[in-house]
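Novice: Below, each chain spelled out in residue letters.
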Amino acid sequence: MAKTLGPVRRSFQPWNDPSEPAFIELRNVTKRFGEFTAVDNQSLTVYEREFFALLGPSGCGKTTLLRMMAGFEEPSEGEILLEGQPLTGVPPHRRPVNMMFQSYALFPHMNVADNIAFGLKQEGMGKADIAQRVAEMLRLVKLEEFSARKPSQLSGGQQQRVALARALAKRPKVLLLDEPLGALDKKLREETQFELADLQQDLGLTFVIVTHDQEEAMTMADRIAVMDHGRIIQVATPAEIYEAPATRYIADFVGDVNIFEGTAEPLAGGGLRIATSAGFAVEVAAAPNGAAAPARGDTVWFAIRPEKMVISHDRPAGAKEGTAPNLIEGEVWDIGYLGDVSIYNVRLASGDVVRATRLNADREVERPITWEDRVWISWRADAGIVLAG
Amino acid sequence: MRRFTAFNLTTLTLGMAFLYLPILILILYSFNASRIVTVWGGFSTRWYVQLMQNESILDAAWVTLRVGLLSATIATVLGTLAAIALVRSGRFFGRTLFSGMVYAPLVMPEVITGLSLLLLFVAINFDRGFWTVTIAHITFAMCFVAVVVQSRLMSFDRSLEEAALDLGATPAKTFFAVTLPLIFPAVAAGWMLAFSLSLDDLVIASFTTGPGATTLPMKIYSQVRRGVTPEINAVCTILVAFVATGVLAASVIGKVRAPAKAP
Chain A
236 MAKTLGPVRR SFQPWNDPSE PAFIELRNVT KRFGEFTAVD NQSLTVYERE FFALLGPSGC
296 GKTTLLRMMA GFEEPSEGEI LLEGQPLTGV PPHRRPVNMM FQSYALFPHM NVADNIAFGL
356 KQEGMGKADI AQRVAEMLRL VKLEEFSARK PSQLSGGQQQ RVALARALAK RPKVLLLDEP
416 LGALDKKLRE ETQFELADLQ QDLGLTFVIV THDQEEAMTM ADRIAVMDHG RIIQVATPAE
476 IYEAPATRYI ADFVGDVNIF EGTAEPLAGG GLRIATSAGF AVEVAAAPNG AAAPARGDTV
536 WFAIRPEKMV ISHDRPAGAK EGTAPNLIEG EVWDIGYLGD VSIYNVRLAS GDVVRATRLN
596 ADREVERPIT WEDRVWISWR ADAGIVLAG
Chain B
287 MRRFTAFNLT TLTLGMAFLY LPILILILYS FNASRIVTVW GGFSTRWYVQ LMQNESILDA
347 AWVTLRVGLL SATIATVLGT LAAIALVRSG RFFGRTLFSG MVYAPLVMPE VITGLSLLLL
407 FVAINFDRGF WTVTIAHITF AMCFVAVVVQ SRLMSFDRSL EEAALDLGAT PAKTFFAVTL
467 PLIFPAVAAG WMLAFSLSLD DLVIASFTTG PGATTLPMKI YSQVRRGVTP EINAVCTILV
527 AFVATGVLAA SVIGKVRAPA KAP
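Going down the list, the sequences are from chains A and B. Count along the first sequence from 1, then add 235; that gives the number in my numbering. Count along the second sequence from 1, then add 286; that gives the number in my numbering.
Don't take every hint at face value.
As the list claims (entries may be wrong) - Derived DSS-like pairs: lysine-lysine, alpha-carbon spacing no greater than 27 Å straight-line:
1. A:408 with A:356
2. A:362 with A:377
3. A:422 with A:377
4. A:422 with A:385
5. B:459 with A:385
6. A:377 with A:421
7. A:408 with B:459
8. A:377 with A:356
9. A:356 with B:459
10. A:385 with A:356
11. A:362 with B:459
12. A:362 with A:408
Said to hold, decoys possible - Output of the computed footprint for chain A on chain B, the stretches with three or more beta carbons under 8 Å from beta carbons of chain A:
13. 445 to 459
14. 462 to 468
Everything labelled a hint here was simulated from the structure, so no lab data went into it. This one's a predicted model, so the numbers in the text were calculated from it and none came from an experiment. C-beta: ideal position from N, C-alpha, C; glycine also.
So here's chain A without its partners, still in its complex pose (with noise of 0.2 Å):
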């Protein structure tokens, strides 16, 4: 399945490379919070110039982690180090590190200009330099005729780009951005999305970017790390956190997914069918994710996105008779027309759903398939994923 798998940039690959230093470094990091353990003995590795995602749902510790390493949190146990330097004990203040709020924590007192050249200020740069690199942050941002304004007297969109120019006047070493993008509409902030994947390779920059919102991650970062409960679950490109998910939380937290249990049974060629509960039978090619092969009888998931099943009105030519595997029979159930795409929620005769979704590549207003037509699911053999866990 691997061969199918396309990175977006397929040259930039630092992880795949033994040779290639660490540019920060999470060494068995622990954070307690009194009982609560936020962060539970995790290591990670974020390459230089790389996108880094950290994502998970709220209270996973992504932010505890995004915290201890811009220095307003201490690791409770393990250390943290930046182009091999530990950073224990050296406070904010003292990081070659920039963070951009959430909320943009922009001062409300202070004009936009002065907001970017704040960082500046305190290292002691020249006035003439100051205003020099406040002007090209400036024009990065697009905000040039704004300088004067108060952060109030700004749109949402418009704040989120100070406070990444502020963040950046520095020129730090690592960028890290907390829910950048989570107080933008939609439609702004998936073109902030782009800008932002754009800017960074630009600029070269490190980045660590904390969200809960899988399409933010999936659009910018060259490596995500899905974190729950305090741990760091998969750390992997997008395309493979998608495709080749390590467990079902994975698997059901990025994207839409289909999940059935069934027994293993191990086939002669080295293929495995599963028998679900849901009643159909299921072979395919490939052993489970990141486990051993299971043995026969063993309870496994096969876990398969909508997108990647064929929804029709007849039997597919190629079929077996009779009970052919990845093939279901059902009716449809409900749909929901998303202009681009239909889902279709397909009721089987043991009472499972499973959904499928069909993109509408002709113009149709009629549906070609619509609610109560008995339907055939199919899919090929390497579509899916078998899980262990």
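We have chain A already, so just place chain B on it with the hints.
Specialist: For chain B alone, kept in the frame of chain A given last:
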């Protein structure tokens, strides 16, 4: 629902009249030409002229002003620090006790505060005078400042301070460049409050003062006991004008400096 019924209007008028009519009469009679306070003898500013020549009242006013400025300023610094400790330091050991001790003077009867301070000054053999009044005023005004500043700090977005630290400002620089400007309206209001409290305090000042440090309220009180003179009306009118200006200034500062919340 009609807001202005006859009953509402009457109670409002009577209430306001009860509060402000005496002050109005006092101001009016300070411009009375007659020596008898209750008889109107035409408009005159002679009592103001006479007041300016009354050394003892001018001395008392000067003492009051010095005590007020000094005690309000020190109380503002200490009260602001106390508020920061209460809001920012989390649950340090003895926080509840500290909080209680900061706010106790707020509800303590002035007689008790005055008497206990007097006993303290006597016990440590501290010469009573200008400094003891000032110290006493700092003690009770500080908690008012702490209350005002604390409420402002509670609604303060801490990420603003984190942003300043993150951009390389030292904690001290962060306080003066970000925190203080943003809580300034509360600090200024606290100062105004402390100043006006000190200005009109009679009880605590009477207990803690000594020779040569008679404050204006004490002076007025002792003169009134010998009969109200139009001169006293004139002093009080000036005092009212002073306090009114201060209150007005405080509200204007609050309006101008209160930063519009970023959406």
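Novice: Each hint: holds or not?
Specialist: Status of each hint after checking the structure:
1. A:408 with A:356: 18 Å, holds
2. A:362 with A:377: 22 Å, holds
3. A:422 with A:377: 18 Å, holds
4. A:422 with A:385: 25 Å, holds
5. B:459 with A:385: Between residue 459 (chain B) and residue 385 (chain A) the Cα gap is close to 21 Å, so the pair holds against 27 Å.
6. A:377 with A:421: 20 Å, holds
7. A:408 with B:459: 23 Å, holds
8. A:377 with A:356: Holds. Residue 377 (chain A) to residue 356 (chain A) sits at ~22 Å (cutoff 27 Å).
9. A:356 with B:459: 11 Å, holds
10. A:385 with A:356: 19 Å, holds
11. A:362 with B:459: It holds: about 19 Å lies between the C-alpha atoms, which stays within 27 Å.
12. A:362 with A:408: 23 Å, holds
13. 445 to 459: holds (count 13)
14. 462 to 468: holds (count 4)
Checked against the numbered hints given earlier, this structure breaks none of them.
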